[in-house]
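Undergrad: This is what each chain is made of:
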Amino acid sequence: MKKAFFLLVVVLISTFMLAQVKEVIFWHSYSTTSGEYKLLTEEIIPEFEREHSNIKITEVQVPYDEMRRRLIVSTAAAQYPDVMRMDIIWVPQFADIGVLLPVDEEFPKDFQQIKDDFLTGPLATNYWKGHYYGVPLDTNTRVLLWNREMFEESGLTAPPTNMEEFIKYIKILTKDTDGDGQIDQWGFADTGFGPWNSMPWIYSFGGQILDPTNSKAEGYINAPESVEALKTFKDLYNQGYIAPIGGGGIGVLEGYAEGIYAMTFDGPWSWSIIKGQYPDSEINYSLIPAGKGGSKSVVGGEDIVIFNSTKYKEEAWEFVKFLTSKDVQLKFATVGQMPILNGLLDEPEIKEHPFFPVYLKQLETAVPRSPHPAWNEINDILDSAWQNAVIGGVEAQDALDNAAYEIEEILNDYR
Amino acid sequence: MTREKRRKLVGLLFVLPGLISYLAWTLYPIIKSFIMSLYKWNINPNIPNKFIGLENYTQLFQDPKFYAALKNTIFYTLITVPGQMVFGFLVALLLNRKMKGQTLFRLLYYLPVITSWVIVSILFQYLFAARGGLVNFLLKDLLHMIQKDVPWLSNPKTAMIPIYTLGIWKGIGWSMLIFLAGLQGIPKQLYEAASLDGANSWQTTTKITLPLMVPTIMFELVMLTIGGFNVFLSVYVMTGGGPMGSTEVLSSYMFKEAFDYFHFGYGSAISVIFFIIVFTIAQIQRKLLAKRSLY
Numbered sequence: 001m002k003k004a005f006f007l008l009v010v011v012l013i014s015t016f017m018l019a020q021v022k023e024v025i026f027w028h029s030y031s032t033t034s035g036e037y038k039l040l041t042e043e044i045i046p047e048f049e050r051e052h053s054n055i056k057i058t059e060v061q062v063p064y065d066e067m068r069r070r071l072i073v074s075t076a077a078a079q080y081p082d083v084m085r086m087d088i089i090w091v092p093q094f095a096d097i098g099v100l101l102p103v104d105e106e107f108p109k110d111f112q113q114i115k116d117d118f119l120t121g122p123l124a125t126n127y128w129k130g131h132y133y134g135v136p137l138d139t140n141t142r143v144l145l146w147n148r149e150m151f152e153e154s155g156l157t158a159p160p161t162n163m164e165e166f167i168k169y170i171k172i173l174t175k176d177t178d179g180d181g182q183i184d185q186w187g188f189a190d191t192g193f194g195p196w197n198s199m200p201w202i203y204s205f206g207g208q209i210l211d212p213t214n215s216k217a218e219g220y221i222n223a224p225e226s227v228e229a230l231k232t233f234k235d236l237y238n239q240g241y242i243a244p245i246g247g248g249g250i251g252v253l254e255g256y257a258e259g260i261y262a263m264t265f266d267g268p269w270s271w272s273i274i275k276g277q278y279p280d281s282e283i284n285y286s287l288i289p290a291g292k293g294g295s296k297s298v299v300g301g302e303d304i305v306i307f308n309s310t311k312y313k314e315e316a317w318e319f320v321k322f323l324t325s326k327d328v329q330l331k332f333a334t335v336g337q338m339p340i341l342n343g344l345l346d347e348p349e350i351k352e353h354p355f356f357p358v359y360l361k362q363l364e365t366a367v368p369r370s371p372h373p374a375w376n377e378i379n380d381i382l383d384s385a386w387q388n389a390v391i392g393g394v395e396a397q398d399a400l401d402n403a404a405y406e407i408e409e410i411l412n413d414y415r
Numbered sequence: 001m002t003r004e005k006r007r008k009l010v011g012l013l014f015v016l017p018g019l020i021s022y023l024a025w026t027l028y029p030i031i032k033s034f035i036m037s038l039y040k041w042n043i044n045p046n047i048p049n050k051f052i053g054l055e056n057y058t059q060l061f062q063d064p065k066f067y068a069a070l071k072n073t074i075f076y077t078l079i080t081v082p083g084q085m086v087f088g089f090l091v092a093l094l095l096n097r098k099m100k101g102q103t104l105f106r107l108l109y110y111l112p113v114i115t116s117w118v119i120v121s122i123l124f125q126y127l128f129a130a131r132g133g134l135v136n137f138l139l140k141d142l143l144h145m146i147q148k149d150v151p152w153l154s155n156p157k158t159a160m161i162p163i164y165t166l167g168i169w170k171g172i173g174w175s176m177l178i179f180l181a182g183l184q185g186i187p188k189q190l191y192e193a194a195s196l197d198g199a200n201s202w203q204t205t206t207k208i209t210l211p212l213m214v215p216t217i218m219f220e221l222v223m224l225t226i227g228g229f230n231v232f233l234s235v236y237v238m239t240g241g242g243p244m245g246s247t248e249v250l251s252s253y254m255f256k257e258a259f260d261y262f263h264f265g266y267g268s269a270i271s272v273i274f275f276i277i278v279f280t281i282a283q284i285q286r287k288l289l290a291k292r293s294l295y
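As they're listed, the protein sequences go chains A and B.
Numbering of the first sequence is given in the numbering used here, commencing with residue 1 and proceeding in unit increments.
Numbering of the second sequence is given in the numbering used here, commencing with residue 1 and proceeding in unit increments.
Think of the hints as simulated: they come from the structure by calculation, not from any bench.
By construction, the Cβ of each residue, glycine as well, lies at the ideal position given by its N, Cα and C atoms.
Heads up, a few of these hints could be off.
[As the list claims (entries may be wrong)] The calculated lysine-lysine pairs, modelled on DSSO-like cross-linking and capped at a C-alpha distance of 30 Å, are:
1) A/231 - A/216
2) B/140 - A/234
3) A/361 - A/115
4) A/234 - B/207
[What the hints assert, rightly or not] Have a look at the derived ranges for each label pair, beta carbon to beta carbon:
5) B/31 - A/73: 16 to 22 Å
6) A/130 - B/232: 35 to 41 Å
7) A/393 - B/86: 16 to 22 Å
8) A/393 - B/118: 46 to 52 Å
9) B/78 - A/73: 55 to 61 Å
10) B/181 - A/76: 40 to 46 Å
11) A/308 - B/232: 29 to 35 Å
12) B/86 - A/129: 55 to 61 Å
Bound conformation, chain A alone (with noise of 0.2 Å):
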């Protein structure tokens, strides 16, 4: 009896504390192995919780493969975390179902600093229908990596910078080593055919996706420029300049290191992939040429978003904006995470980093993925047109009036 009464007191003791500290509950999928991780639970969450004695942060890892799963069965089940770091494609969807907080719409005075602070072409990743549904928390982009070995063997001294460079570079590139009538060394290599790959060409050659307003396709996709950046890339394929994309085994970072790809375009994460492989190869990173566009990249990364079913919004919201500031951010760049603040590159820890300020040089005009709901089915319409023309032997400019109609049909269900 006696015991029972005990239990009953710790019991209560510790609810009633509990009830004291708010506990905001943190999904991401760092991978548990990584030193972001490492960062984050040792140093970053800890210094938050000394700072705000009142909130608890509890991180969940979730890995990225299973983050969607996960979410889309507690969206069934509307039990969500307050926080989440989310894949910055899935922002415009699930705030399109409800379940995102308008960050700028509750938090009006300090978003009004955020537009200032944060790199344009992540921060609108967040945007859908007039309101941001998270800020950034961290950003990537794909920038021409080349191999200067390969280079120096064909008589080419540094990287192209223009288009009409790198169109001559990559058939000067592209040989037949040894001789047997098979071609065995490209000038390009890819790893696909969707947006994530072409759109650094299809904006490089001055094309778009959609109009400003992400509303419309039509005269956007199937413009002049698209068409001209699609044809190019055909063509340049089917004549054998790029290394056949999709076939599964030798990766194109593999390839790059061991000196089958001269050039490719890829994310910050190359070095790790390529340094733990090849320890000792050399890595180039350089912008992507430009074209009639510019030079233009397509923005990748993560955005943190507050649940609209959270208890604690202010609470989440200070975990935000301290996961987003300077300090923070600057010790993730030492982990390899990119920051998304602008005039970082004077900062010791960005300008003495191997490749960060090429990427930041970048995302200065970098463009995101169209923020839009129906993103994914977006970017499998255009995947599909890009390979519809590029193996199926479709012209470019049918392949993208096609695509451009379909992508009609759905923007159609969001007007």
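Given chain A, put chain B in place with the hints provided.
TA: Using the frame of chain A, we list chain B on its own:
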């Protein structure tokens, strides 16, 4: 309580766990899917769903992607089911003989069955890689059957081949095991009598083994057909339905519509049609099974 009643109650208690899980995990989802397929379903429970009747179905029947996926699924079943059965039967015949290391071989053939689909799919991606893949090496450099490396997975014309091959390879072990059980159920006396009558091994196989194996064959046919229609992970991992939708199957298309595009109503409509097809085929096969069992 009478003895009879108590017996019934005990019986009910025994089937209860199975019954509950059947109701919760099989029957309820089927009914729920059907209901969802009549709505423009929003996954957020706080937003009301819009009832649209049979609109998802009318859209589905005009959707070329659905027919492409259906065709791919049917071809997959038509190719992999006989493939698994023929190879499984041959292996079972071999392993049914008395020989050294029998258990080891059975284990070896069964290994692919228990290995994760994701892992073997990645393995097959490497085997069928355009550059440096084992299959291209065998065909080009060793056997000189082809002149140039075949980009198996990136060509719409060949992309299903690795998926078929994987489906057959992974299923042989299961098929073998079932056939083996069937073979060992055939009474030895029949073979003894046949050999006394001077029957050769071809005659014993066609006159004794095959006829007595009919129920096993029919059972495998039903199970493998259902399995064939459910092909998903190998497609999802190896090609994601591409290139150009050439490897899209019903389940991957349903998954894409529901979980990538958030068209839960449309995805449910696909799964309902899918269910009807598989259910019908299984019923037809079961009827055949019931008839042929009476020998």
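Undergrad: Take the hints in turn and mark each one as holding or not.
TA: These are the hints, each one checked on the structure:
Between residue 231 of chain A and residue 216 of chain A, the direct Cα distance comes to roughly 22 Å. Compliance with the 30 Å bound is thereby established for this hinted pair. For the hint pairing residue 140 of chain B with residue 234 of chain A, the CA-to-CA distance comes to about 27 Å; that is within 30 Å, so the pair holds. Taking the CA atoms of residue 361 of chain A and residue 115 of chain A, the gap is about 19 Å. The hint holds against a cut of 30 Å. Under the criterion of a C-alpha separation no larger than 30 Å, the hint pairing residue 234 of chain A with residue 207 of chain B is inconsistent with the structure, at around 60 Å.
The hint said 16 to 22 Å for the Cβ distance between residue 31 of chain B and residue 73 of chain A, and at roughly 19 Å that hint holds. The hinted window of 35 to 41 Å between residue 130 of chain A and residue 232 of chain B holds, with their beta carbons roughly 39 Å apart. At roughly 37 Å, the beta-carbon separation of residue 393 of chain A and residue 86 of chain B lies outside the given 16 to 22 Å, and the hint is violated. Separated by about 33 Å at the C-beta atoms, residue 393 of chain A and residue 118 of chain B break the suggested range of 46 to 52 Å.
Taken as a hint, the range 55 to 61 Å is violated for the pair residue 78 of chain B and residue 73 of chain A, whose Cβ atoms sit roughly 35 Å apart. Between residue 181 of chain B and residue 76 of chain A the Cβ separation comes to about 41 Å, which falls inside the hinted range of 40 to 46 Å. As the Cβ distance of residue 308 of chain A to residue 232 of chain B is approximately 34 Å, the hint placing it in 29 to 35 Å holds. For the pair residue 86 of chain B and residue 129 of chain A, the beta carbons lie near 57 Å from each other, so the given range of 55 to 61 Å is met.
In the structure shown, a violation is registered for the earlier hints numbered 4, 7, 8, 9, in ascending order.
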